[in-house]
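**Student:** Line by line, the protein sequences give chains H and L.
For the first sequence, the numbering used here assigns the number 175 to the initial residue and increments by one for each residue that follows.
For the second sequence, the numbering used here assigns the number 668 to the initial residue and increments by one for each residue that follows.
The set of hints was computed from the structure by calculation and includes no laboratory data.
Any given hint could be a false lead.
[Claimed, not checked] Listing some non-contacts, in silico: residues in chain H with all C-beta distances to chain L over 10 angstroms:
1) T188
2) C224
3) Q227
4) A232
5) S278
6) I297
7) T307
8) W325
[Unchecked claim] In silico lysine to aspartate or glutamate, EDC-like type, Cα no more than 20 angstroms apart, as pairs:
9) L:K769 - L:E1023
10) L:K1156 - H:E234
11) L:K1124 - L:E917
12) L:K1156 - H:D358
13) L:K768 - L:E913
14) L:K959 - L:E1023
[Unchecked claim] Simulated restraints, written as ranges between beta carbons of each label pair:
15) L:L690 - H:S197: 29 to 35 angstroms
16) L:G687 - H:T307: 30 to 36 angstroms
17) H:I288 - L:P961: 36 to 42 angstroms
18) L:L865 - H:L361: 22 to 28 angstroms
19) L:L865 - H:S363: 49 to 55 angstroms
20) L:L1145 - H:Q279: 29 to 35 angstroms
21) H:S197 - L:P1025: 21 to 27 angstroms
22) L:L796 - H:A222: 56 to 62 angstroms
23) H:A287 - L:Y908: 44 to 50 angstroms
Note that the Cβ used here is the ideal one computed from N, Cα and C, for glycine as well.
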Amino acid sequence: MMSTLSKYSNSFMTLLMLAIFGSMVLVASRYPAGARFMPFVLGFPALALCFLQLFLDARERHATKQAQGKSDVELAEERVSKAVGHEVHFDVGNILIPAEEGLSQGEQLRREAIAWSYFLALIVGIVLFGFHTAVPVFIVAFLRFRAKASWLLTLGLTAIACFVLFYAFEYVLHITLHTGFITDRILESMGG
Amino acid sequence: MFDIMFSSLYAMLTSPQTMGLMLIGVFCGLLVGVVPGIGGRLSIALAIPFVFGMEKVAGAVFLLTMHAVNGTSGQISSIMFGVPGDGDDAATTIDGYPMAKKGEAGRALGASVTASGVGGVFGAAVLALMIPVIEPVVMAFSPAEFFLMAMLGITFIAFLAGGGQIFKGIIVGFLGLILATVGTDPYTGTPRFAGDYLFLWDGLSLVTAVLAVFAIPEMIALAVRGGSISSVSHETAKFSYRQLFEGVLEVPRNWWLAVRCSVIGSVVGMIPGLGSNTAAWLAYGHAVQTSKTPERFGKGAVEGVMAPEFSSNAREGGSLLPTLFFGIPGSSGMAVLMGAFIILGIQPGPTMMTQEMPLVWTLIWALVVGNLIAVGFLMVIMRWAAVLTFVNGAMLVPFIIVLAVVGSYVNEGQWENLVVLVIISVVGYGMLRFNWPRAPFVIGLVLGRVSEESLHKALGLWGWQFFLRPLSLILVGLIVLTIAFAIYKNTRPSKNLSQLSVAQ
Chain H
175 MMSTLSKYSN SFMTLLMLAI FGSMVLVASR YPAGARFMPF VLGFPALALC
225 FLQLFLDARE RHATKQAQGK SDVELAEERV SKAVGHEVHF DVGNILIPAE
275 EGLSQGEQLR REAIAWSYFL ALIVGIVLFG FHTAVPVFIV AFLRFRAKAS
325 WLLTLGLTAI ACFVLFYAFE YVLHITLHTG FITDRILESM GG
Chain L
668 MFDIMFSSLY AMLTSPQTMG LMLIGVFCGL LVGVVPGIGG RLSIALAIPF
718 VFGMEKVAGA VFLLTMHAVN GTSGQISSIM FGVPGDGDDA ATTIDGYPMA
768 KKGEAGRALG ASVTASGVGG VFGAAVLALM IPVIEPVVMA FSPAEFFLMA
818 MLGITFIAFL AGGGQIFKGI IVGFLGLILA TVGTDPYTGT PRFAGDYLFL
868 WDGLSLVTAV LAVFAIPEMI ALAVRGGSIS SVSHETAKFS YRQLFEGVLE
918 VPRNWWLAVR CSVIGSVVGM IPGLGSNTAA WLAYGHAVQT SKTPERFGKG
968 AVEGVMAPEF SSNAREGGSL LPTLFFGIPG SSGMAVLMGA FIILGIQPGP
1018 TMMTQEMPLV WTLIWALVVG NLIAVGFLMV IMRWAAVLTF VNGAMLVPFI
1068 IVLAVVGSYV NEGQWENLVV LVIISVVGYG MLRFNWPRAP FVIGLVLGRV
1118 SEESLHKALG LWGWQFFLRP LSLILVGLIV LTIAFAIYKN TRPSKNLSQL
1168 SVAQ
């Protein structure tokens, strides 16, 4: 299942774009002629481009399958041999930069899930409890548990960041930050 | 013309607010530039919330100087540790790092920082000289051409992402354009794609979209990657101020190289789609070709450090030309900057020529003064700035995420924008993860309303015949040629050979 998913991963974004444009065109079709004009002018060519990109993705998968196991130099030799009509070998010695070793797919997904969880927790925290509560908690949690900073550094940096942030926006720019729905309820019930 | 030119300079220099913001812009730009992996686009995206509601000249000066000096400090990590801060710093690394290893880091840094400043000033001068030349071209444009210019802009920016990616880039550009239709239709009053959500009736928040496409995905990726950005020994980061001064003197000694490379950079900047790498590598190649001792290059030749810097900073001035007068950003960084300008109420196009010349001159002067301040500033803080290269990436993530989230909220003061931020961030991260270009999205979103208006006007004036107007035909031809060239570039047999030469 995982290998099938990764095999078709180069088409994920194309399919997402196809879904976005498809649904926008569908929704726009219910609007009056003048209002749906621009979404149609943009949506239909974009859908056509998405289908073209799907074809290109499939071609890329085919090419990758054929090239599997071959180095860049071997691929270049193959292309040049085809172009000049006889076999060509490059003597490149050890001048090529070795490819950077990446994370395994499982590890990559695990780290992505953690990073997204932190971000989503911050957003949910802000909506429910407001900036003044969610931001310090997020910074402390991230610095301490993800960046592995010491408690002293974590608390020091969080205090400085929160002071600068809230001072800049609330006192200098006079912007009221969202106080959070739950916090508002609690304050209301306390008569605040 | 001269009265506007000098009155703009006077007004800028005597305004404490503008000069103060310029200083902050220079400082922030240098700091962001020195940290590898955090590019100019991200810094502009993060700065947008702070300029929201600011007076447009002061805001534009702040953003432009921050963007313009970004590359000036990028070479610190390239030279000292062999870690290019951005794509165009790679050319500086070729000779800069060997110089550092020979114990000449100070000389290399002095030469490259001064070269960068001189290049920036030269680029601004070229921009100023080109204004009278392009004026008649800009004035000949009608709504038909402006609609096609938006399409051409997206095509060029898509091309910037690499020949093989052009269709992905155009799709992303169309996504930006179609999302710009969210909100009340100006002709029928119908709320499009907004449903009952009142906060969407005024359209999608540009600040939120820019932050979601650039800042959040970059930070999630940095959190996933983890660890220190630079893993090179601190020991290499040593140099003396005497060496630094010797390096500064290399620039007047090589003044003719400075002129030639700056011209290369300015011209490359004026042609959207050529990219910053092209400017730096073309200048480096030119320096090697014209040198009497080309064998020194790659082993620590000071000309090899200066040439790319002259060129890549001169490019900034050049790329302002299509950005300001045609609404076509000369680079992906300029695309984000253009979005920020529009948020400030600056509408790139012919009105810049007819109504906003004082602003144009202020921006040109800001490039000159900003670059000079950056050079002086960097000479002093160089030693400490280099330490930033060792900052653990994971330590930066929470602060930049919080800044982006606050920025998204304060722009309209609506918590619903945080939900939009999450949704667009998912798409933005998908683009980053699967190597889809992101800059065309911003261009599409920024130009969406203007292109819809232009299309309606063009259709009202000429019907679909507007495509057959001479200037329109030229623009359509350019779009077709760009796509055809991208396809050719992607399918020609020598593709792998070029990749091989890059690896070498």
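**Student:** Please list, smallest to largest, the hint numbers that this structure does not respect.
**Tutor:** Numbers 1, 2, 3, 6, 9, 11, 12, 14, 15, 17, 19, 20, 21 and 22 - these are the hints that the structure violates, sorted from lowest upward.
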